[in-house]
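Participant: Residues per chain, in single letters:
Number of protein chains: 2
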Amino acid sequence: MNISLIGSGNVATHISLALKSAGHEILSVYSRNLENAKELAVKVGATPTNRLGEIANKSEILIISIKDDAIENLVLELELENILVAHTAGSVPMNVLGRFQNHGVFYPLQTFTKDKNTDFNEVPMLLEANNEPNLSILKKLAESISRKVEQVDSVQRKKVHVAAVFASNFVNYMFSISNAILSKESLSFELFEPLLKETLNKAFQLGPEKAQTGPALRNDTEVIKSHLDLLADDPNKQNLYSLLSSSIFEYYKKK
Amino acid sequence: MNISLIGSGNVATHISLALKSAGHEILSVYSRNLENAKELAVKVGATPTNRLGEIANKSEILIISIKDDAIENLVLELELENILVAHTAGSVPMNVLGRFQNHGVFYPLQTFTKDKNTDFNEVPMLLEANNEPNLSILKKLAESISRKVEQVDSVQRKKVHVAAVFASNFVNYMFSISNAILSKESLSFELFEPLLKETLNKAFQLGPEKAQTGPALRNDTEVIKSHLDLLADDPNKQNLYSLLSSSIFEYYKKK
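Residue numbers (numbering that gives the first Met the number 0), protein chains in the order written: chain D, 0 to 254; chain Y, 0 to 254.
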């Protein structure tokens, strides 16, 4: 298919590279900043532009991959007909694209980093479209780059996004705290790699509810108290430890 | 080496199986409950007992692998000479074994589950001993089952244990919350497997501080507010989301 992109960040880059290697044609890449547009365009053989009016009108699909809260305003400036317009944002409802006759959502559920390859084949693509024919088109496109394609409506997608904040952003924050504690003891976070891989494996093999262990679950007040004492020099960590421990205990008591 | 074990739970089981396959002799397995002792003893070719006095006195090393807070009392009943006595507990200082001339700690940094195999080769063994010769013995023993052997004193080990609570127990709790949100939408937690694997990879490749992303880090108040609205039916989740988000923002603002 002939595709154009709005955006040149992490998601835009990884998606367009994946589409390109799946044999699609990337016609144009738009960014407000022409240098950024050029940087991505050269990687995927597209024409860079910083004018919305110059987006190739031969494109069959236009993918908008910019910051979530910038989509609504950009869309107001966009004059297009017939092209299927899809955004890639987890937290933005499909209907911000309502002024286009053909629209949908093309959301890759993954955390992307610049200069780090992503196996798109394993990235769940969560799709939505304003009608069946458009859904089919997005499905075909998604299936050309990923084995995991699902239809998810705007409300579900928003819930997925919240759930991902807990399971990825908050989890990474726990890693940061852990790393800070280890660093102070001149111990490397890499020491935790087998433990954390196993934690992940167990969560998927047993389900996270059955996989829960630790002093909070057992309400092992002596260990908890001694941990809180150890964290006395850092009220933020101490406070989080205390709240999470009592939250875990309450959560599992009800089960 | 000739080894005896006190304990028959997850850690005792996985350690004795690993030692056995490394060619060591497990002479006796003690448990207060004889049936439990038998269950493990039969797996490792040892003699089961529920009397502390019957622990084989030919043993060179006695490994105590029972609940952290039960070690101190058990030790008071233990009459042994010469044998090197080591416990496997993360949060218990070495000096609870101070009445034995030869003592130390043999702590495997991993989360163990019954009926799930563990590749001990990858389990960091954190060691401590009351003198150099005993440390050498524990080192030799640890190196026979694992590639990752480190010397860590009681204070460091306790910090490691707190750090592990954040990176494993609290992380799993985040997974539980995430899973609960997805379940309500009839979506499977498996959808998150690629995201969570990548979250882990990034934390180790970039370090967790550089790997942090998400609305809290960007202080994206609109997305945060909409997420809090979505969680309105569950004050516990809402409260955690709010606290963790502001904690992330404050934490990274200082960097």
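Hints are not guaranteed to be accurate.
[To be verified] In the SDA-like style, the derived pairs of lysine to any residue whose C-alpha atoms are separated by at most 20 Å in a straight line are: (1) K66(Y) - D219(D); (2) K196(D) - K115(Y); (3) K115(D) - Q237(Y); (4) K196(D) - K224(Y); (5) K224(Y) - K252(D); (6) K66(Y) - E221(D); (7) K196(Y) - L216(D); (8) K224(D) - A69(Y); (9) K19(Y) - N35(Y); (10) K196(D) - T117(Y); (11) K115(D) - K66(Y); (12) K113(D) - N200(Y); (13) K253(D) - R217(Y); (14) K183(Y) - D219(D); (15) K253(D) - S182(Y); (16) K66(Y) - T212(D); (17) K209(D) - N133(Y); (18) K253(D) - D233(D); (19) K252(D) - D219(Y); (20) K183(D) - K183(Y); (21) K196(D) - E192(Y); (22) K252(D) - S153(Y); (23) K254(D) - K224(D); (24) K113(Y) - R217(D); (25) K115(D) - L16(Y); (26) K113(Y) - A55(D); (27) K252(Y) - T212(D); (28) K196(Y) - A55(D); (29) K138(Y) - E59(Y); (30) K252(D) - A179(Y); (31) K113(D) - R217(Y); (32) K254(D) - R50(Y); (33) K254(D) - N218(D); (34) K209(Y) - T112(D); (35) K209(Y) - K209(D).
Keep in mind the hints are simulated off the structure, nothing from the lab.
Source: prediction; values computed, not measured.
Participant: Give a verdict on every hint.
Facilitator: Here is how each hint holds up against the structure:
Using a Cα cut-off of 20 Å, the hinted pair K66(Y) and D219(D) holds, with the two alpha carbons roughly 11 Å apart. About 14 Å separates the Cα atoms of K196(D) and K115(Y), which keeps this hinted pair within 20 Å; it holds. At roughly 33 Å between alpha-carbon atoms, K115(D) and Q237(Y) are farther apart than 20 Å, so this suggested pair is violated. For a cut-off of 20 Å, the pair hint linking K196(D) to K224(Y) is broken: about 32 Å separates their Cα positions.
With a C-alpha separation of about 29 Å, the suggested pair K224(Y) and K252(D) falls outside the 20 Å cut-off, and the hint is violated. The suggested pairing of K66(Y) with E221(D) holds, with an alpha-carbon distance near 12 Å, which does not exceed 20 Å. Between K196(Y) and L216(D) the alpha-carbon distance is near 25 Å, which puts this suggested pair outside the 20 Å criterion. At most 20 Å may separate the alpha-carbon atoms for a hinted pair to count; K224(D) and A69(Y) meet this at roughly 17 Å.
Proposed proximity of K19(Y) and N35(Y) is supported: the alpha carbons are some 18 Å apart, at most 20 Å. At most 20 Å may separate the alpha-carbon atoms for a hinted pair to count; K196(D) and T117(Y) meet this at roughly 12 Å. Restraint check for K115(D) and K66(Y): the C-alpha separation of about 43 Å exceeds 20 Å, so the hint is violated. With a C-alpha separation of about 14 Å, the suggested pair K113(D) and N200(Y) falls inside the 20 Å cut-off, and the hint holds.
For the suggested pair K253(D) and R217(Y), the alpha carbons sit about 35 Å apart, so the restraint of at most 20 Å is broken. In summary, the hint linking K183(Y) to D219(D) is not supported, as the alpha carbons are separated by about 31 Å, beyond the 20 Å threshold. Distance check on the hinted pair: K253(D) and S182(Y) sit about 17 Å apart at the alpha-carbon level, within 20 Å; holds. Between K66(Y) and T212(D) the alpha-carbon distance is near 13 Å, which keeps this suggested pair within the 20 Å criterion.
Only pairs whose Cα atoms come within 20 Å are accepted, and K209(D) paired with N133(Y) is rejected, the gap being roughly 38 Å. For the hint pairing K253(D) with D233(D), the CA-to-CA distance comes to about 31 Å; that exceeds 20 Å, so the pair is violated. Taking the CA atoms of K252(D) and D219(Y), the gap is near 34 Å; set against the 20 Å cutoff, the hint is violated. Straight-line distance between C-alpha atoms of K183(D) and K183(Y) comes to about 41 Å, which puts the hinted pair past the 20 Å bound.
Distance restraint check for K196(D) and E192(Y): the Cα-Cα separation of roughly 12 Å lies within the 20 Å cut-off, and the hinted pair is therefore satisfied. The suggested pairing of K252(D) with S153(Y) is violated, with an alpha-carbon distance near 32 Å, which exceeds 20 Å. The suggested pairing of K254(D) with K224(D) is violated, with an alpha-carbon distance near 24 Å, which exceeds 20 Å. With a C-alpha separation of about 17 Å, the suggested pair K113(Y) and R217(D) falls inside the 20 Å cut-off, and the hint holds.
Note on K115(D) and L16(Y): the hinted pairing is violated, with a Cα-Cα distance of about 39 Å set against a maximum of 20 Å. For a cut-off of 20 Å, the pair hint linking K113(Y) to A55(D) is broken: about 59 Å separates their Cα positions. For the hint linking K252(Y) to T212(D), the alpha-carbon distance of about 32 Å lies beyond 20 Å, and the restraint is violated. Distance restraint check for K196(Y) and A55(D): the Cα-Cα separation of roughly 37 Å exceeds the 20 Å cut-off, and the hinted pair is therefore not satisfied.
Of the pairs offered as hints, the one joining K138(Y) and E59(Y) holds, with about 14 Å between alpha carbons and a cut-off of 20 Å not exceeded. Between K252(D) and A179(Y) the CA atoms are separated by roughly 16 Å; this keeps the pair inside 20 Å, and the hint holds. Between K113(D) and R217(Y) the alpha-carbon distance is near 17 Å, which keeps this suggested pair within the 20 Å criterion. Proposed proximity of K254(D) and R50(Y) is contradicted: the alpha carbons are some 37 Å apart, above 20 Å.
This hinted pair checks out: K254(D) and N218(D) have alpha carbons roughly 15 Å apart, not beyond 20 Å. Pair hint K209(Y) plus T112(D) holds up; C-alpha atoms about 10 Å apart against a cutoff of 20 Å. Proximity of K209(Y) to K209(D) is assessed by CA-CA distance (about 31 Å); at most 20 Å being required, the pair is judged violated.
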